[in-house]
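Chemist: Chain residues, written in single-letter form:
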Amino acid sequence: MWQIAWSRLRRDKAALAGGVAVILLILGAIFAPWIVKLLGHPPDEFHRELLNANRGYIPTAPFGGMSRDFLFGLEPINGRDLFSRVVYGSRVSLLIAFLATLLSVLIGTVLGVLAGYFGGWVDTVIGRLTDAVLAFPLLLFAIVLVGVIPRSAFGLTGNGLRMAILIFIIGFFNWGYIARIIRGQALSLREREFIDAARSLGARGPYIIFREMMPNLAAPILVYATLLIPTNILFEAGLSFLGVGILPPTPSWGQMLADAVRYYNLPHFILWPGLAIFATVLAFNLFGDGLRDALDPKTR
Amino acid sequence: MRKRTVAAVAATAVLAMVASAACSSTEDTTDAGGFNAAVGKIYNESDYKGGTLRFAISEDWDSVDPGDTYYGLSWNLLRLYARSLVMYKSAPGKTGLELTADLAESLGTPSADGLTWTYKLRPGLKFEDGSPITSKDVKYAVMRAIDTTGTLQNGVGIQGGYLQAVLDLPDGAYGPYAAPGVDTTAITTPDDLTIVFHLKQPFSGFDYIAMLPLTAPVPSAKDDGVNYKQHVVSSGPYKFANYEAGKGFTLVRNDQWDPTTDPNRKALPDRYEIKLGVAADDIDNQIASGDLDLDLAGTGVQAAMLSQVLDENNPLHARADNPGSARQWYTSIIERTAPLNDVHCRRAIEYAADRTGYQAAYGGALAGGDISTQALVPPIPGYEKFDLYPAGADNTGDLTKAKEELAQCGKPDGFEITIAYRSDRPKEKAVAEALQQSLGRVGIKLTLLGHPTSGYFGSFTDEFIKTNNIGLATNGWGADWNDGYGFLGAIVDSRLISPGSSNLGVNDPAIDALIDKALAEPDLAKRTAIWTQVDRLVMEGAFILPGVWSKSVTLRSKSAANVFVHEGFGQYDYLAMSVAKPA
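If you're matching them up, the sequences are chains A and B in order.
Under our numbering, the first residue of the first sequence is numbered 90, with each subsequent residue one higher.
Under our numbering, the first residue of the second sequence is numbered 3, with each subsequent residue one higher.
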């Protein structure tokens with residue numbers, strides 16, 4: 090099956106482009122310190138001398154100070170290197186999005202399989218739980234919760250704690266869709282002949298779930314995980330934009346956008362972080378769509 | 003006035019703003035007057051009567067009820083529909099800081115022992131419904147504003163605590179809500195035109211208290227506490243034609259106002275239209291294009307407009323003013339948080355801070371203000387320039403001295419604390435980031451913690467400070483009136499420290515004792531000298547990290563006349579502004 094899927098994927102130009110972009114983004118996030126060393130300046134280094142104090146500290150040079158030295162230009166007020174901040178910002182976005190997705194997928198798969206396999210009251214309880222989570226006002230809850238967290242908890246402090254909480258909030262309340270999809274798949278798998286065959290041979294629940302059903306669920310899990318990542322990136326950016334994300338001065342795309350809004354007359358400031366979010370979300374979506382088409386052509 | 007200012011909220015509708023920016027043409031054919039044409043003098047003086055002035059603001063302020071408001075912009079505006087016993091002269095330059103009688107015939111008369119202050123009302127004063135204004139209405143207005151239930155909790159009566167400090171009030175409950183029907187002897191009204199204030203101890207600056215908007219008369223029959231703001235009864239030349247909470251209101255002429263009783267108001271425009279909740283950047287663009295006359299917030303243009311206005315080649319430059327005000331942006335050093343209980347650790351912060359970074363965060367010398375090195379600001383009498391913590395030739399900090407102080411404090415390698423700032427104020431976030439950078443040079447590691455403006459001061463409970471290890475907090479303060487008590491009274495008195503107070507960390511009994519001494523001192527020159535001493539003690543104790551003495555860059559209306567900056571407010575005089583005669 091995987092070989093067929095790969096051959097289909099290879100023919101899908103958009104998905105391939107998306108996949109390549111995703112790999113480049115991940116590499117960029119991993120190797121951010123080296124990239125910045127080579128092409129930029131430390132992300133927290135001030136360059137106020139390059140700003141015009143008589144114009145409210147905006148970059149002196151035209152085009153927001155974009156040059157070979159500062160590829161994306163400078164931030165107003167303190168003159169930090171926008172390129173470095175965008176590159177470092179990808180770390181926060183990707184890390185939070187990946188880990189939150191992992192959490193969602195774990196919870197969603199476990200509950201989905203249980204509901205689909207056992208049915209009956211188990212299905213009913215999990216179904217209502219899923220409804221409740223889907224109806225949860227996640228954004229409001231996130232704003233309130235992030236607002237009241239203390240300086241240290243669970244042995245974590247500062248940004249580590251912030252990240253853990255963001256990952257928890259985004260991941261824990263986003264498993265609803267995955268659970269529903271997996272439940273549907275598990276429900277139909279349960280009635281298939283090979284499961285019946287295994288059961289008549291005396292196989293028990295755990296064996297059937299792990300050896301017979303899971304391999305068949307791998308494809309939808311992978312597809313929906315890939316499609317959940319961009320949603321989570323946007324969610325994290327939204328929280329940062331509202332000022333309840335990662336603590337400054339750690340660069341984050343959402344926060345950069347929030348800062349840039351005041352300077353709409355300096356388009357470079359809003360362009361680069363905006364473009365970064367746009368490109369990342371698009372790449373994951375293209376790749377995820379292609380993956381779905383390749384693994385399950387019937388849904389096309 | 004915490005005398006609060008409204009911070010422009012970063013608007014979310016980016017596209018809408020870009021679109022409106024594109025529409026606002028900046029070509030200008032009229033004589034725009036030039037940079038600072040309305041500072042210290044009147045721009046476009048005119049006697050033309052009529053027309054409509056259009057004001058807007060990005061968010062609502064506390065209240066339009068004169069007894070329930072503590073915003074500078076509100077005190078500036080309410081003079082259109084409310085008259086207090088005494089007021090600032092409506093004039094440019096230093097004349098604006100002089101007091102003049104408004105409802106009263108003259109400034110207050112103290113008794114020989116200084117324990118009573120008497121004001122005589124002008125005859126013929128009327129509310130908008132035609133009923134006469136009596137001294138009892140003034141007394142009622144004052145008592146409701148300081149009522150012990152704290153019903154009008156936003157106002158200077160509750161927040162400032164000045165009347166409670168000077169008036170000879172009874173113990174226990176007083177005021178029309180807490181003790182209805184109970185008369186007080188702290189204020190007496192021998193006849194309908196006379197009001198007498200009885201003090202605990204002589205207080206020679208009482209005219210400043212008579213100037214507070216809470217002395218504007220309120221008819222007791224029309225008062226319903228906080229809801230009075232929906233139907234304020236006018237005593238001035240304009241009255242409310244409508245009031246929509248959170249949206250705006252319209253002021254029209256009050257035909258019961260008699261100009262012969264009011265030498266301070268010309269009342270030239272016919273109407274005022276005030277819109278709330280307009281995006282701050284949109285307000286700038288509308289003023290530039292001529293669709294609005296004023297940003298009521300009065301704190302200057304936003305970052306995007308700023309860079310255009312400061313460009314000498316831009317036609318808007320000639321329509322800009324650069325007023326200063328009796329306001330300072332600073333950072334409170336919270337003495338309760340270890341190791342800041344040691345003065346040397348606090349002094350290390352003073353030495354290590356990069357002052358130019360503070361100024362840059364506020365937009366530079368024009369938009370932000372001049373670098374400050376002390377608690378008092380130049381417009382306040384008693385200000386004497388000194389600098390206890392010289393920051394080097396380039397003002398970026400003296401790291402050697404900072405390290406010496408750290409060593410004396412027993413923390414040679416620095417320490418870790420949190421800085422709190424108002425998360426919806428980008429300038430304060432920039433301050434926090436700049437301080438993190440500059441204090442980091444000597445090993446003082448800052449963690450940044452944003453908190454929304456609403457409830458910012460109320461959040462500083464002992465527990466909140468402790469769990470978050472908060473040692474620094476960005477802050478700002480404008481004078482309630484321009485003397486030492488009106489500026490320092492509420493921010494350096496350690497007895498006020500509690501959640502909600504603007505004093506977050508100044509804690510020195512010697513300062514408290516000096517404040518009491520100043521209050522009782524009848525001689526103006528001696529009193530002023532005491533405030534100079536207080537200023538010095540605050541800085542010797544390194545209780546605050548001074549930032550900038552606030553200035554702003556504002557944009558003048560295209561079509562307004564009689565525009566000038568009122569020094570008492572540091573904003574355009576909203577009372578004097580009128581509509582230019584149509585060509």
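Simulated from the structure, these hints should not be mistaken for lab results.
In this text, all values refer to a predicted model and were calculated from it rather than measured experimentally.
Hints are not guaranteed to be accurate.
Listed next, the stretches of chain B that the computed footprint assigns to chain A, with coverage defined by at least 3 CB atoms under 8 angstroms from CB atoms of chain A [what the hints assert, rightly or not]:
1. 367–375
2. 432–442
Which residues of chain B face chain A? A partial, calculated answer using Cβ under 8 angstroms [stated by the list, open to error]:
3. 98
4. 99
5. 280
6. 313
7. 341
8. 345
9. 362
10. 426
11. 445
12. 449
13. 452
14. 455
Short, incomplete list of chain B residues facing chain A, as computed with Cβ under 10 angstroms [to be verified]:
15. 304
16. 310
17. 358
Just so it is clear, CB atoms sit at the ideal spot from N, CA and C, and this is done for glycine as well.
Chemist: Holds or violated: is the Cβ of residue 304 of chain B closer than 10 angstroms to a Cβ in chain A?
Modeler: Holds: closest Cβ of chain A sits about 6 angstroms from residue 304 of chain B, inside 10 angstroms.
Chemist: Identify whether the interface hint at residue 426 of chain B stands, where standing means a beta carbon of chain A within less than 8 angstroms of its own.
Modeler: This interface hint holds because 7 angstroms falls under the 8 angstroms limit.
Chemist: Identify whether the interface hint at residue 280 of chain B stands, where standing means a beta carbon of chain A within less than 8 angstroms of its own.
Modeler: Since the shortest Cβ distance to chain A is 16 angstroms, the answer is violated.
Chemist: Against chain A, with CB atoms and a cut of 10 angstroms, does the hint on residue 358 of chain B hold up?
Modeler: holds, 7 angstroms
Chemist: Given residue 313 of chain B was flagged as interface, is its beta-carbon under 8 angstroms from a beta-carbon of chain A?
Modeler: holds, 7 angstroms
Chemist: Return the status of the interface hint for residue 341 of chain B: holds when the least beta-carbon distance to chain A is below 8 angstroms, violated otherwise.
Modeler: This hint is violated: residue 341 of chain B lies away from chain A, its Cβ roughly 17 angstroms from the closest one there, beyond 8 angstroms.
Chemist: Go through the hint on residue 98 of chain B and say holds or violated, using the shortest Cβ distance to chain A against 8 angstroms.
Modeler: It is violated, given that the least Cβ distance between residue 98 of chain B and chain A is near 27 angstroms, above 8 angstroms.
Chemist: Hint check: is the beta carbon of residue 452 of chain B less than 8 angstroms from a beta carbon of chain A?
Modeler: This hint holds: residue 452 of chain B lies near chain A, its Cβ roughly 6 angstroms from the closest one there, short of 8 angstroms.
Chemist: Go check the segment 432–442 of chain B versus chain A for me, would you? Three or more residues, Cβ under 8 angstroms, otherwise it fails.
Modeler: holds (count 6)
Chemist: Does the CB of residue 362 of chain B sit less than 8 angstroms away from some CB of chain A?
Modeler: holds, 5 angstroms
Chemist: If you take the shortest Cβ to Cβ gap from residue 345 of chain B to chain A, is it below 8 angstroms?
Modeler: violated, 25 angstroms
Chemist: Against chain A, is residue 455 of chain B within 8 angstroms by beta-carbon distance?
Modeler: violated, 11 angstroms
Checked against the numbered hints given earlier, this structure breaks hints 3, 4, 5, 7, 8, 11 and 14; the rest are met.
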